[in-house]
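A.B. asks: Listed here are the chains, written in short residue letters.
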Amino acid sequence: MLIAFYVAAAVAVLATILAVTRRSAVHALLYLILSLLAVAVVFYLVGAPFVSALEVIIYAGAIMVLFIFVVMMLNIGEHATEVETTWLRPSTWAWPSALAAILVVELIYVVVRGARPAGAMRVITPKEIGISLFGPYAIGVELASLLLMAGLVGAYHLGRRAYREEDRYGADTDRRRVVSGDDAVRAGSDRTSHAA
Amino acid sequence: MTLFALGLIGLLTRRNLIFTLMSVEVMLNASGLAFIAGSYQWGQPDGQIMFVFILAMAAAEVSVGLALVLQFQRRIPSLDADKASEMRG
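Line by line, the protein sequences are chains E and G. With my numbering, the residue at position 160 of the first sequence is 160, and numbering never jumps. With my numbering, the residue at position 27 of the second sequence is 27, and numbering never jumps.
Quick caveat, the hints were computed from the structure, so don't treat them as lab data. Glycine included, C-beta positions come from ideal geometry on N, C-alpha and C. Check the hints yourself; a few may be wrong.
What the hints assert, rightly or not - Here's a subset of chain E near chain G, in silico, CB distances under 8 Å, partners left out: (1) Pro-49; (2) Val-51; (3) Ala-53; (4) Val-65; (5) Ile-68; (6) Met-72; (7) Gly-135.
Claimed, not checked - Straight-line C-alpha distance at most 20 Å; calculated SDA-like pairs for lysine to any residue: (8) E:Lys-127 with G:Trp-42; (9) E:Lys-127 with G:Asn-16; (10) E:Lys-127 with G:Gln-73; (11) E:Lys-127 with E:Leu-107; (12) E:Lys-127 with E:Pro-49; (13) E:Lys-127 with E:Ala-138; (14) E:Lys-127 with E:Ile-139; (15) E:Lys-127 with G:Phe-35; (16) E:Lys-127 with E:Val-141; (17) E:Lys-127 with G:Leu-21; (18) E:Lys-127 with E:Ala-53; (19) E:Lys-127 with G:Gly-43; (20) E:Lys-127 with G:Gln-44; (21) E:Lys-127 with E:Tyr-137; (22) E:Lys-127 with E:Leu-74.
All chains should be modelled from the sequences, with the hints used to inform the complete structure.
C.D. replies: Laid out in structure tokens, this is it:
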């Protein structure tokens, strides 16, 4: 099990190095997802299966989907198809697939050897985490919900402003441009007053 | 530790905003890994709870950050963080 831990850690570090040095954002995201999956394997091996599942679901699932959506939105254009054909070349996905294959082999090895992560002193169960989370850490849960609410409202606000400015490319451009320019100036001053 | 250092290097060297956000994610992940290691060392669930909080914080941070990136790209048609120097005094 110790060798599995070291292999997963090496995959994580390698994937992160490759992620921060790539030139294209999509390649970097591919390596970043791989890095998160490797870290999830490390979590499982040190006796934190619940957190490992959370890492895969929330980090590698939800947050990375957000990143990919934004990257795809920023790449809209007439050259999108040729960019996509460049991304789908084998040299792009060969290395991430190789690293992911290492993780899959490791997963099979761990499952075959036995369900319990053997490297751990003591496996901390989800039940234990839940009892502690809603016992002494209940105020932290409330604060996290407050933070998520603030994040939701903030993201909605920023996205809505952006959407309205996009209107200026629509019909009757001249009048609309004057109006939206005024609006943009007002939005900017609004934001600076918020920041202050 | 190494992951945190890599995230910091990425944050300092890359000028693209998407890469900046990704580096912040790597750094948060590394701090979460440190918490899990502490949880393993002492056999207590507290470190994992801290990781859950870090996860919630990262989700909120990345949603606001990506909305800001979209807004930035609409205002200044680029993703270069150095272009956003209009507020220079």
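A.B. asks: Sort out which numbered hints this structure fails and list those numbers smallest first.
C.D. replies: The structure breaks hints 1, 3, 4, 5, 6, 7, 9, 10, 11, 17, 22; every other hint is satisfied.
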